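There are 6 protein chains.
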Amino acid sequence: MTNLKVETREKLKTVSTATLATALFKRGLRNQMIQDVRPLNPGDVSMVGEAYTLRYMPAREDLNPISVFQDRGHPQRKAVEEYPEGAVLVIDSRKDARAASAGSILVSRLMKRGVAGIVTDGGFRDSADIAKLAIPAFHNRPSAPTNLTLHQAIDINVPIGCGDAPVFPGDVVVGDGDGVIVIPAHLADEIADEAVEMTAFEDFVTEQVMEGRSILGLYPATEERTRTDFAAWRKATNR
Amino acid sequence: MTNLKVETREKLKTVSTATLATALFKRGLRNQMIQDVRPLNPGDVSMVGEAYTLRYMPAREDLNPISVFQDRGHPQRKAVEEYPEGAVLVIDSRKDARAASAGSILVSRLMKRGVAGIVTDGGFRDSADIAKLAIPAFHNRPSAPTNLTLHQAIDINVPIGCGDAPVFPGDVVVGDGDGVIVIPAHLADEIADEAVEMTAFEDFVTEQVMEGRSILGLYPATEERTRTDFAAWRKATNR
Amino acid sequence: MTNLKVETREKLKTVSTATLATALFKRGLRNQMIQDVRPLNPGDVSMVGEAYTLRYMPAREDLNPISVFQDRGHPQRKAVEEYPEGAVLVIDSRKDARAASAGSILVSRLMKRGVAGIVTDGGFRDSADIAKLAIPAFHNRPSAPTNLTLHQAIDINVPIGCGDAPVFPGDVVVGDGDGVIVIPAHLADEIADEAVEMTAFEDFVTEQVMEGRSILGLYPATEERTRTDFAAWRKATNR
Amino acid sequence: MTNLKVETREKLKTVSTATLATALFKRGLRNQMIQDVRPLNPGDVSMVGEAYTLRYMPAREDLNPISVFQDRGHPQRKAVEEYPEGAVLVIDSRKDARAASAGSILVSRLMKRGVAGIVTDGGFRDSADIAKLAIPAFHNRPSAPTNLTLHQAIDINVPIGCGDAPVFPGDVVVGDGDGVIVIPAHLADEIADEAVEMTAFEDFVTEQVMEGRSILGLYPATEERTRTDFAAWRKATNR
Amino acid sequence: MTNLKVETREKLKTVSTATLATALFKRGLRNQMIQDVRPLNPGDVSMVGEAYTLRYMPAREDLNPISVFQDRGHPQRKAVEEYPEGAVLVIDSRKDARAASAGSILVSRLMKRGVAGIVTDGGFRDSADIAKLAIPAFHNRPSAPTNLTLHQAIDINVPIGCGDAPVFPGDVVVGDGDGVIVIPAHLADEIADEAVEMTAFEDFVTEQVMEGRSILGLYPATEERTRTDFAAWRKATNR
Amino acid sequence: MTNLKVETREKLKTVSTATLATALFKRGLRNQMIQDVRPLNPGDVSMVGEAYTLRYMPAREDLNPISVFQDRGHPQRKAVEEYPEGAVLVIDSRKDARAASAGSILVSRLMKRGVAGIVTDGGFRDSADIAKLAIPAFHNRPSAPTNLTLHQAIDINVPIGCGDAPVFPGDVVVGDGDGVIVIPAHLADEIADEAVEMTAFEDFVTEQVMEGRSILGLYPATEERTRTDFAAWRKATNR
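Going line by line, the protein sequences match chains L, R, F, E, U and X.
All residue numbers for the first sequence refer to my numbering, where the first residue is 1 and numbers rise by one.
All residue numbers for the second sequence refer to my numbering, where the first residue is 1 and numbers rise by one.
All residue numbers for the third sequence refer to my numbering, where the first residue is 1 and numbers rise by one.
All residue numbers for the fourth sequence refer to my numbering, where the first residue is 1 and numbers rise by one.
All residue numbers for the fifth sequence refer to my numbering, where the first residue is 1 and numbers rise by one.
All residue numbers for the sixth sequence refer to my numbering, where the first residue is 1 and numbers rise by one.
It should be emphasised that the hints constitute simulated quantities derived from the structure, not laboratory data.
Hints are supplied without guarantee of correctness; some may be wrong.
One copy or two, either will do: identical chains are not told apart, so a pair holds if it fits within one copy or between any two.
Listed next, the in silico SDA-like pairs over lysine to any residue satisfying Cα-Cα at most 25 Å (straight line) [to be verified]:
no.: 1; residue 1: K78; residue 2: T14
no.: 2; residue 1: K26; residue 2: T237
no.: 3; residue 1: K11; residue 2: D229
no.: 4; residue 1: K13; residue 2: D193
no.: 5; residue 1: K132; residue 2: F168
no.: 6; residue 1: K5; residue 2: A232
no.: 7; residue 1: K26; residue 2: R9
no.: 8; residue 1: K26; residue 2: A131
no.: 9; residue 1: K5; residue 2: G170
no.: 10; residue 1: K78; residue 2: D229
no.: 11; residue 1: K112; residue 2: F230
no.: 12; residue 1: K132; residue 2: Q35
no.: 13; residue 1: K5; residue 2: A134
The structure presented is a predicted model; accordingly, all values stated were derived computationally and were not measured.
In isolation and in its complexed conformation, chain L is listed as follows (with noise of 0.2 Å):
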């Protein structure tokens, strides 16, 4: 879990997830969108981390009594703890809502242990407490039963999908107000380089729209006076 340089942290974090899910496009991969997750945080968010799963399936009743907590393995439990600083929770919840994912208190350590962030495709309950803390966390909506209603914890750090997209462990993981997205390992350094690049374009046709120039010819950079435009923006803002 070491493998995310600290630069390309730095430069995901300035990125969104719009224009990684672009750059993902470029090279064929089309479903890195982990569908339908929306932050718990009020105001703009930012996640970038490692991917560190927690795969649930069904809970089948007389394996998920309120007691089995009591054992210190338990997986839920165990990946809380054992999950490492600068990671993000990915957790596969089978799409299902209908009952938490995960509670305050837990999210709550995890953000004590220096994780990045924490994303579900199910709900966290709880919801109005873990969206005042200062981790960054996703869900599809809040939920109030105990996930043992509903989910069982099996695996931890093992491929899975989450909201529809695979997810591979130490895959990384970026989020912001649309949502969460995967960048598989290997690609996450140029994807980085990438976006920033995409980012600094789009600031500056951002900047020229705003003071009311038309888009063609500017987005995309189809005329040479884009491209000269540019440059000289890049030069002035030091980008």
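Since the structure of chain L is provided, determine the placement of chains R, F, E, U and X on it from the hints.
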């Protein structure tokens, strides 16, 4: 509708739907959460009251012209005027939010009459106005079309389903940021007591976690030290 | 696109989609609400304009490489530059929010060009940025992937479906906190007039209800007293 | 339950749900089809009878142990024994087929008691056995779990929704290969008459089309020749 | 509409949609299957033809009274009479089967006019009758209500979506027991050739498997022996 | 995989999934039915065997070119060749039938190798061919696209979810016309015994009902006479 004790109501105002869901789960009740509803009101929401129900069926066009509301005995309007103070109106809209379950005028009247809240598994119209009222309201999503488009009020205060949960008149309904849960009437007192106890422990655990303590042995309290610390905390905090 | 009278536009800015839905319902039009879309913008939103449409079909991979936008005649980019001032861009995204319908740069350009709003039954990317723009935008949910992933713009200004509602170019589109409704062009003036009248009465009723009056006889106005009181209120409030 | 005239029943046995849907559409009734149900029986199915309803609500675990059927007054069992001859049992299962609405023993008893059919917007268990019985049965899909898992029978012969259609006790229910439609009781005679007329014309048109005639002018009968030919056909075929 | 070569059509009649899907997948086309449609016809179904499309939009009540079919120029009726021999009518019903896309009379007329098949991502009425006709028909499920209830035919032979697949007029449409697939027009010949080759190999493999041979080395043909055996089999079976 | 006793297997072949579901319900197991799957095979289907599982995750395009099957160690191909005789292959396809879980060649090989059946909560390709094989197969619906389009086989014989049911390797899986149910391994013998007893009683009840007897007192057997008659029937029928 005077079965809910004042002290039980007060206790329930201090606990979360997540805690209540766990207390019900321990008793084998796994489906008491009204699924996929959320508060319209901003900020921290807290709703407690006995269920008073309204059942909608699919509207047949010839029976639901705009003129039906001329009838003072129309079940929807009747419910609004007869609803007892302190109760929560729970509407079975068959999880269909394509037309409204009610609008701001009716919800305003309910507020003035002292009802404790309103819940539908469909949607409200005038949702921005309702969000500003001093009455908790929960729905699936905003929906502008008049209820006559798809819903006919057919029964008052019968057992219903709401968001896949069973709701009997007189059940105790509690709502917060995670949604709405239904406590069977005969369990309300004991569940309230147990939830207050659980909440004290959860507050203690949260404090400990925020100070950096591991979850193992703490939550659940499998270590003797946890039990000792909690006893001391209760004394110190007077809980 | 100059058919919408200035005074009709002004009237429609003062009424809600809920009131408009009822006025349309009275004329047998029951499906004019664009289902399941919501404003990105915070606070009170109000959008009025004539529909200018964009039809998306499912993207075929070989026809939708990233390079298609090099073409100045691409329907999506063309729409953005040709869209008339005061119009509302309505996009038929086949209720598929798994890829974006548009992003902040195009929406910014629309804003600068003076369009009155933008609606999709899919999702927008850069949703946090769009939320800050001074142009009403409505979608189902945020979606980061480029539209090329799933959507190909194929037609400009043809009749479309959007959120299960029929939308003809020139229909008058109104949006607020409850979502977006479509008024057939030929009914716009009379519906606007009627909705203004209805709104006056609803405002009167709301005031009365807030003062503690019962709904029976008041809403609808089946009692003579209600009609007298309303007449007095109109005189007093100059409405 | 003796309001359905023998001759109306006989007429309705000769017409299709498609024809009936059109006749109802002409009267402004657009939602009378029970959506997404299909016959279990192989071959050509025809079911006609007055609706006798059963309403299910979500099951609460403590109220639905296996022992509830020991009670002779249990609404589900009561319905089976009280259901009048010639009626159609329509069950509101809230479109939830995850647990059964009924099984082959109850359906066999209904058959023996002379009921005309059974419909649920959920599913039947023992579906292969029911398919072999001489009673039309319609559901969404097979479902083995006992109804107690998710459904509690709560009301007999009240107005219900079934597959999004409104069903009032006494409405006339007709089923065939396309599914099940509900005719409001007061319209049954006139709809039956009109549908018989429409069916004669459709049979004539089908014959003509099979002989190679164009649809234009024929269907609908906008050409004088069509009307003359149809009159001759009726005389010739004695219809 | 005479672009589909006779020999290509004949080849496509001998291969499955599964084999075609793999051939398209190899070319990066992953979404050409019309999702979730099935044949009405019993037994082995085979349909091949060029796409001729019909686009439906949501019906507005005032534009879709029963009298609209009096108009000979109505797009639905026009399509039925203009549809070229050998073509496949593909209807974009927006995946909405709550009302019919067409009924047995129109399908009969299409059959008599020599069209090769009909596909909708909605449903057909008179489905039991259509099942008996000698024309392949594919839909999602039976649906009795007249199309006017929810669908307005608005365009003939424009690019559409059907079951989430892109369909351009002239694309080659193939259907069998697994459903319906769309081959881009320019690829039809080469895909047909490749699929015939693949089918020969799959038939050989099936024979081998039925004789007890392991799949490893056989499918795919990673062993030299497989290639030799296949060559011998082709010679022996004249394929 | 030799834990399933021959006599338990034989008993389970004589009972229905409906009866098994009730026996499991009595033990508090309410979610053992694999939801929304059906047999491809015509006629009466009966499948019994121990679960051997295959887990699919969402396919990432770069990891799933057509060439992956060249690898003999590919989990899907490996499963097919390693699957033990008498077992039932249960595939977790995440309820996604948009691409195939397997096709006729692999299913043929499984049949030849003596496996007892195959189940997916997705779909099979070549479904018409599979329907003709002498091996029970259950899926949600036919699906032609190669599994590589959406599914990557990632794990063999781990605990999975299938159709919302928990499936552990070694659980006993039973399928019939109503679908597929999962019996926890440790309960298989006692559930089989109980289900055989229940089936005897249900057969007796069915006979009585067919002779015109009322359900009251008979089913359940609350009358003494029922118990006496059943005892006599068992003696007479040797059951």
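Hint-by-hint comparison with the structure:
1. Proximity of K78 to T14 under the C-alpha cut-off of 25 Å is found in neither arrangement, the shortest distances being 32 Å within a copy and 30 Å between copies.
2. In this homomeric assembly, K26 and T237 never come within 25 Å of each other (Cα to Cα): the closest approach is 27 Å inside a single copy and 45 Å across copies.
3. Taking the shortest alpha-carbon separations for K11 and D229, only the intra-copy value of 24 Å comes in at or below 25 Å, while the best inter-copy value is 44 Å.
4. Proximity of K13 and D193 under a CA criterion of 25 Å is satisfied intra-copy only: 12 Å inside one chain copy versus 46 Å between copies.
5. In the homo-oligomer, the alpha carbons of K132 and F168 never lie at most 25 Å apart, since the shortest distance is 29 Å inside one protomer and 35 Å across protomers.
6. Taking CA atoms no more than 25 Å apart as the test, K5 paired with A232 passes in neither setting, with 31 Å inside one copy and 45 Å between copies.
7. Taking identical chains as interchangeable, the C-alpha atoms of K26 and R9 lie at most 25 Å apart only when both belong to the same chain, with a minimum of 21 Å there against 35 Å between chains.
8. In the homo-oligomer, the alpha carbons of K26 and A131 never lie at most 25 Å apart, since the shortest distance is 34 Å inside one protomer and 27 Å across protomers.
9. Taking the shortest Cα distances, K5 and G170 sit within 25 Å of each other inside one copy (12 Å), while across copies they are farther apart (44 Å).
10. In this homomeric assembly, K78 and D229 come within 25 Å of each other (Cα to Cα) only across copies, at 23 Å, whereas the closest approach inside a single copy is 54 Å.
11. For the identical chains of this complex, K112 and F230 are inter-copy neighbours only, at 20 Å across copies versus 43 Å inside a copy, given an alpha-carbon limit of 25 Å.
12. Taking the shortest Cα distances, K132 and Q35 sit within 25 Å of each other both inside one copy (24 Å) and across copies (23 Å).
13. In this assembly of identical chains, the alpha carbons of K5 and A134 lie at most 25 Å apart only when taken from the same copy (23 Å versus 39 Å across copies).
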